[in-house]
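These protein sequences, in sequence, are chains A and B.
So for the first sequence, numbering that gives the first Met the number 0 puts the first residue at 0; every next one is plus one.
So for the second sequence, numbering that gives the first Met the number 0 puts the first residue at 0; every next one is plus one.
Derived by calculation from the structure, the hints in this document are not laboratory data.
From the three backbone atoms N, C-alpha and C, an ideal C-beta is built for every residue, glycine too.
Please note: incorrect hints may appear among the correct ones.
Per the computed footprint, the stretches of chain A lying under chain B, defined by three or more beta-carbons under 8 Å from a beta-carbon of chain B, are [claimed, not checked]:
{"#": "1", "stretch": "52 to 66"}
{"#": "2", "stretch": "96 to 104"}
{"#": "3", "stretch": "174 to 187"}
Non-contacting residues of chain B with respect to chain A, defined by C-beta distances greater than 10 Å in every case (computed) [what the hints assert, rightly or not]:
{"#": "4", "residue": "Ser57"}
{"#": "5", "residue": "Asp110"}
{"#": "6", "residue": "Asp144"}
{"#": "7", "residue": "Asn151"}
Protein chains: 2
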Amino acid sequence: MKIDIGERILAANDDLAAGNRELFAEHGVYVLDLMASPGAGKTSTILATIDALRDRYSIAVIEGDIASKVDAEKVRAHGIPAVQINTGGACHLESAMIRRAVDTLDLDALDLIIIENVGNLVCPSDFDLGEHAKVMILSVPEGHDKPYKYPNIFQVSRAVILNKYDTVGVFDFDEAEFREVVGSLNPHAPIFPVSATKGDGVDAWAEWLAERIEAVKEGGSA
Amino acid sequence: MKIDIGERILAANDDLAAGNRELFAEHGVYVLDLMASPGAGKTSTILATIDALRDRYSIAVIEGDIASKVDAEKVRAHGIPAVQINTGGACHLESAMIRRAVDTLDLDALDLIIIENVGNLVCPSDFDLGEHAKVMILSVPEGHDKPYKYPNIFQVSRAVILNKYDTVGVFDFDEAEFREVVGSLNPHAPIFPVSATKGDGVDAWAEWLAERIEAVKEGGSA
Chain A
0 MKIDIGERIL AANDDLAAGN RELFAEHGVY VLDLMASPGA GKTSTILATI DALRDRYSIA
60 VIEGDIASKV DAEKVRAHGI PAVQINTGGA CHLESAMIRR AVDTLDLDAL DLIIIENVGN
120 LVCPSDFDLG EHAKVMILSV PEGHDKPYKY PNIFQVSRAV ILNKYDTVGV FDFDEAEFRE
180 VVGSLNPHAP IFPVSATKGD GVDAWAEWLA ERIEAVKEGG SA
Chain B
0 MKIDIGERIL AANDDLAAGN RELFAEHGVY VLDLMASPGA GKTSTILATI DALRDRYSIA
60 VIEGDIASKV DAEKVRAHGI PAVQINTGGA CHLESAMIRR AVDTLDLDAL DLIIIENVGN
120 LVCPSDFDLG EHAKVMILSV PEGHDKPYKY PNIFQVSRAV ILNKYDTVGV FDFDEAEFRE
180 VVGSLNPHAP IFPVSATKGD GVDAWAEWLA ERIEAVKEGG SA
């Protein structure tokens, strides 16, 4: 019975996601759903991505958190519009929340919207928000065994950012094993080693994203 | 409507949790529900806690993960009985899962059961498993701002373990601010700085736990 309820919630979410997807296509704005554990560096990666792309593209951010508005404030202090969603307990964002946030933005003026999902390796992977791509961050201190334990999020991600890569020597992180397991779960997802707070590795990730933004601006499906 | 469904699920869980609680009291076994983000060091902390307490107490571990059995295998390799629960997608453990796992253990032979919950700072905090205490781990690389974003888990925890404390110099972790915010959310919870893989700080945490195991062995409520 719980599964049926869960399926109904997911079906309702998917209908709203389809509406979001049409809206984003009409306005030629690329939408990224960024997922990670708490403290993996989602906000730092967003700020580094903004720095890499802000000369070329007009960007806005939607911040999802259980509580607080500290992340939206950090993004606004960076000179970028940010909408904070507080889920009030829910462990993921849903399409209806995204629609309400998007309705406060001027979509015709935007090329890229980055959605920072709630810090969680489980729930966000099940919810289509109408985005063009889900991308996940794993941070080196979390450990190379995480794909074994949270396979679904690695499978639904179009790319994997391996953040805090500068600490790979501090932790017992086996990058070869990590790449092998991620590759078996999701053979097409590139892995981008990044140190977001230092800027290392951000360019390669930003170029991957820029190619997809261009495809959507040209009217493709990215 | 979703809230009503959620409340019904929580109420059913709470009924089963009460049954678990009675069972644990009958057998004088102390039960700990350990919660943290993915990669915060739950399994390492459990292994260090076992090393600190195994001469005094008989211990078993219940491992909760979306998928895989790697954690149970690590615990068994340490010479301690371990039951693996795979939630198959669910972001937290529930009382019914714990009951099925507990039914495979010899409760009369045990003093302590450590439950490793699914890696998640959100969902596990809502679910009573019949445990004596919920305790959470935050790891230093996750950042000192996490209590702002995930206040509920800090509020329901009887103690907070601050793991990977040996990396406090590597990351920009403001311990004073962390202690202030945790203290405002939960004035009675002690904070134990620990480096689980190196063993530093484990003794103070283990003594806190041993006091509570003793109280339950003596028939108190801990």
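Hint check results:
With a cut-off of 8 Å between beta carbons, the stretch 52 to 66 of chain A has 3 residues touching chain B; three or more are needed, and the interface restraint holds. For the stretch 96 to 104 of chain A, the assignment as covered by chain B is violated, since 0 residues bring a beta-carbon within under 8 Å of that chain's beta-carbons and 3 are needed. For the stretch 174 to 187 of chain A, the stated coverage by chain B is not satisfied: 0 residues place a CB nearer than 8 Å to a CB of that chain, which falls below the threshold of 3. The beta carbon of Ser57 (chain B) sits about 27 Å from the closest Cβ of chain A, which is more than 10 Å, so the claim that it is off the interface holds.
At the 10 Å boundary, the C-beta of Asp110 (chain B) stays outside the reach of chain A, the nearest C-beta of that chain being 28 Å off. The Cβ of Asp144 (chain B) does not lie farther than 10 Å from every Cβ of chain A; its closest approach is about 6 Å, which violates its non-interface assignment. With a minimum CB-CB distance of about 7 Å to chain A, Asn151 (chain B) fails to clear the 10 Å threshold, and the non-interface call is violated.
In summary, the numbered hints that this structure violates are 2, 3, 6 and 7.
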